[in-house]
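Trainee: Take the sequences, apply the hints, and build the full model.
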Amino acid sequence: MKLKTYFFILFAFVVLCSCNKNDEVFSEISENLIKSVISSDGKIISRYIYNQNKFIDELQSPYYWNKYEYDNNGRLIREFYHINWQLMSSSYYNPNQELKLMTSTSTEFNQYKDYEYDNFGKLKVIKYYGNANGEMVQSTLITFEYENEHIIKRIFTDHKSAVTRFETYEYDSKGNVLKEKNYSLFSREEPQLTSETTYKYDNKNNPYRVFYQTGQPGLYTNRNNIIEKTYSSFEDIDRGVERKSTIITSYTYNSKGFPVKVDSNGSVSEYRYK
Numbered sequence: 001m002k003l004k005t006y007f008f009i010l011f012a013f014v015v016l017c018s019c020n021k022n023d024e025v026f027s028e029i030s031e032n033l034i035k036s037v038i039s040s041d042g043k044i045i046s047r048y049i050y051n052q053n054k055f056i057d058e059l060q061s062p063y064y065w066n067k068y069e070y071d072n073n074g075r076l077i078r079e080f081y082h083i084n085w086q087l088m089s090s091s092y093y094n095p096n097q098e099l100k101l102m103t104s105t106s107t108e109f110n111q112y113k114d115y116e117y118d119n120f121g122k123l124k125v126i127k128y129y130g131n132a133n134g135e136m137v138q139s140t141l142i143t144f145e146y147e148n149e150h151i152i153k154r155i156f157t158d159h160k161s162a163v164t165r166f167e168t169y170e171y172d173s174k175g176n177v178l179k180e181k182n183y184s185l186f187s188r189e190e191p192q193l194t195s196e197t198t199y200k201y202d203n204k205n206n207p208y209r210v211f212y213q214t215g216q217p218g219l220y221t222n223r224n225n226i227i228e229k230t231y232s233s234f235e236d237i238d239r240g241v242e243r244k245s246t247i248i249t250s251y252t253y254n255s256k257g258f259p260v261k262v263d264s265n266g267s268v269s270e271y272r273y274k
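The opening residue of the sequence shown carries number 1 in the working numbering; numbering runs sequentially from there.
If you are wondering where the hints come from, they were derived from the structure by calculation, not from laboratory data. Wrong hints could be hidden among the right ones.
To be verified - 25 Å max Cα-Cα, derived SDA-like pairs, lysine to any residue:
1) 35 / 209
2) 67 / 128
3) 200 / 168
4) 113 / 207
5) 153 / 214
6) 174 / 227
7) 100 / 57
8) 153 / 172
9) 261 / 37
10) 181 / 100
11) 127 / 100
12) 181 / 132
Mentor: Structure, rendered in structure tokens:
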């Protein structure tokens, strides 16, 4: 009986810690919610809509549209989305082109994700569903490995239950992702390192933490903003080719320490808040 009581107390403690962590993140961002991102020529790149509980409800963009649903405990349980592949794949930017935001009234979703949690409140699996001949079928499944509250590995499985790739993450003391590695198992028995990304940060507030529940370590979970991103591709390493690129980003901040102007390798945008 004492043993049962001990495990019950331990279980309650872990759940409480998980809730406290989420509450901490929410309290930091809920009073400084990003409203929109504006390009240097005055066009809306993205708009963010929130529900009455100040959780992200809808992401509107000319390129993609996302709609989010939560359970009674405020946990993300489903995400509908639509991607404008024609616009996303276009390599030519026409400044005179009218870019209309996709919204819930103008767009029908063609894919969605389901989020499931373990008994301790940690995200354990994301299931992707896509349209196949008019029927929504599961295409990909992501499972997670943790170290304390941080996701350190995301494992991708296809519809045949075969692991196709995985990602690993390393963090600094503030919870920012320092290094991300991508491994592929396509056509190989042993995992092949295909890419590695390293990051450097400022000491200011990251507005994109409104998406912290989506299970994507990095931009959506970092406490601070990325000032340097170095990407290395090893997919052609067998031929002696390593591709490497670095993006430098600078910011102007408001009085609360959130970025209001962003210059990423010469591409300038403006962040506006509620």
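Trainee: Hints first: check each against the structure and report whether it holds.
Mentor: Verification of the supplied hints:
Restraint check for residue 35 and residue 209: the C-alpha separation of about 13 Å stays at or below 25 Å, so the hint holds. For the suggested pair residue 67 and residue 128, the alpha carbons sit about 14 Å apart, so the restraint of at most 25 Å is met. As the CA atoms of residue 200 and residue 168 are separated by approximately 17 Å, the hinted pair is consistent with the 25 Å bound. Taking the CA atoms of residue 113 and residue 207, the gap is near 23 Å; set against the 25 Å cutoff, the hint holds.
For the hint pairing residue 153 with residue 214, the CA-to-CA distance comes to about 14 Å; that is within 25 Å, so the pair holds. Proposed proximity of residue 174 and residue 227 is supported: the alpha carbons are some 15 Å apart, at most 25 Å. Under the criterion of a C-alpha separation no larger than 25 Å, the hint pairing residue 100 with residue 57 is consistent with the structure, at around 19 Å. Note on residue 153 and residue 172: the hinted pairing holds, with a Cα-Cα distance of about 16 Å set against a maximum of 25 Å.
Proposed proximity of residue 261 and residue 37 is supported: the alpha carbons are some 9 Å apart, at most 25 Å. Of the supplied pair hints, the one linking residue 181 and residue 100 is violated, its CA atoms being roughly 35 Å apart against a limit of 25 Å. Proximity of residue 127 to residue 100 is assessed by CA-CA distance (about 29 Å); at most 25 Å being required, the pair is judged violated. Between residue 181 and residue 132 the CA atoms are separated by roughly 31 Å; this puts the pair beyond 25 Å, and the hint is violated.
Hint compliance for this structure: hints 10, 11 and 12 are not met, and every other hint is.
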